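Asker: Take a look at the letters that make up each chain.
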Amino acid sequence: GENVEQHPSTLSVQEGDSAVIKCTYSDSASNYFPWYKQELGKGPQLIIDIRSNVGEKKDQRIAVTLNKTAKHFSLHITETQPEDSAVYFCAARSSGNTPLVFGKGTRLSVIA
Amino acid sequence: GAVVSQHPSWVICKSGTSVKIECRSLDFQATTMFWYRQFPKQSLMLMATSNEGSKATYEQGVEKDKFLINHASLTLSTLTVTSAHPEDSSFYICSARGEGTQRYEQYFGPGTRLTVT
Numbered sequence: 003g004e005n006v007e008q009h010p011s012t013l014s015v016q017e018g019d020s021a022v023i024k025c026t027y028s029d030s031a032s033n034y035f036p037w038y039k040q041e042l043g044k045g046p047q048l049i050i051d052i053r054s055n056v057g058e059k060k061d062q063r064i065a066v067t068l069n070k071t072a073k074h075f076s077l078h079i080t081e082t083q084p085e086d087s088a089v090y091f092c093a094a095r096s097s098g099n100t101p102l103v104f105g106k107g108t109r110l111s112v113i114a
Numbered sequence: 050g051a052v053v054s055q056h057p058s059w060v061i062c063k064s065g066t067s068v069k070i071e072c073r074s075l076d077f078q079a080t081t082m083f084w085y086r087q088f089p090k091q092s093l094m095l096m097a098t099s100n101e102g103s104k105a106t107y108e109q110g111v112e113k114d115k116f117l118i119n120h121a122s123l124t125l126s127t128l129t130v131t132s133a134h135p136e137d138s139s140f141y142i143c144s145a146r147g148e149g150t151q152r153y154e155q156y157f158g159p160g161t162r163l164t165v166t
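Protein sequence lines, in the order shown, are assigned to chains A and B.
Each residue of the first sequence is one higher than the one before, counting from 3 in my numbering.
Each residue of the second sequence is one higher than the one before, counting from 50 in my numbering.
Hints may be right or wrong, so weigh each one.
What the simulated footprint calls covered on chain B by chain A, stretch by stretch (three residues with Cβ under 8 Å from a Cβ of chain A suffice, anywhere in the stretch; the number is not a length) [what the hints assert, rightly or not]:
(1) 112 to 120
(2) 155 to 163
When the alpha-carbon atoms are kept at most 25 Å apart in a straight line, the in silico SDA-like pairs for lysine to any residue are as follows [said to hold, decoys possible]:
(3) A:K60 with B:P57
(4) A:K59 with B:F116
(5) B:K113 with A:K59
(6) B:K90 with A:T12
(7) A:K44 with B:G102
(8) A:K44 with B:S103
(9) A:K59 with B:E148
(10) B:K90 with A:K59
Just so you know, these hints were derived from the structure itself, not from any lab.
These numbers come from a predicted model, not from an experiment.
For each residue, glycine too, the CB sits at the ideal point set by N, CA and C.
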């Protein structure tokens, strides 16, 4: 089955700097890669996703890149703000009605 | 759009009692719903997948007789923790996925914190 690895587990950046979180997956049939932000005591919130037919997607300060050959995808947050502080999870899913497989999460701290 | 609600947001119960958690998709029809469990500072652990009108598919190691899942309609799924024990204390999160243009995205509820005393 699918296995998703996520790095780093914790990340601290100064306000205004960029943050990058990387994930790798094992199943070459995976075709959907979402990223979730989870704040303390709340459920995960979908912030951006990418499908296997594109290599990059951007939404304001957030971007995701996908390298299908290397089977890895990354989340890029630019101009970080204190409210970006949270735990971020990557996930992957292969075709069909299979559930998402999550990475272990990255705790991002943006220092003002 | 794509809002998923959960009720209650938190619950405290005594050992041996049962607790029901509701998950609703408010603005779309959820053909598939997922139930996750999350321990502090850990990732989400999938417990089961349910399709509307069908029996849930449980992940290995999850007791189906203890965690009863019902997905009777396209907007509602329930998780009942039966004969709860303190080790069942956790953060339970549901997630829903629809059809058509929403067949890829999976949206999460706000979670339910269960404490068993």
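Asker: Do the alpha carbons of B:K113 and A:K59 lie within 25 Å of each other, as the hint requires?
Answerer: Status violated; Cα separation ~39 Å.
Asker: Checking C-beta pairs, does the stretch 112 to 120 of chain B have three or more residues closer than 8 Å to chain A?
Answerer: violated (count 0)
Asker: Against the 25 Å threshold, does the CA-CA distance of A:K60 and B:P57 hold or violate the hint?
Answerer: The given pair, whose Cα atoms are some 35 Å apart, is violated under the 25 Å limit.
Asker: Hey, A:K44 versus B:S103, does the alpha-carbon distance stay inside 25 Å?
Answerer: violated, 29 Å
Asker: Would the hint linking B:K90 and A:K59 be met if the CA-CA limit is 25 Å?
Answerer: violated, 29 Å
Asker: Is A:K44 close enough to B:G102, meaning Cα to Cα at most 25 Å?
Answerer: violated, 28 Å
Asker: Are the Cα positions of A:K59 and B:E148 separated by 25 Å at most?
Answerer: Holds, at roughly 23 Å.
Asker: Is A:K59 close enough to B:F116, meaning Cα to Cα at most 25 Å?
Answerer: Roughly 38 Å between the alpha carbons, so the hint for A:K59 and B:F116 is violated.
Asker: Holds or violated: are the alpha carbons of B:K90 and A:T12 at most 25 Å from each other?
Answerer: holds, 11 Å
Asker: Against chain A, does the stretch 155 to 163 of chain B show at least 3 residues with beta-carbon separation below 8 Å?
Answerer: holds (count 7)
In summary, the structure is inconsistent with hints 1, 3, 4, 5, 7, 8, 10 from the numbered list given earlier, while agreeing with the others.
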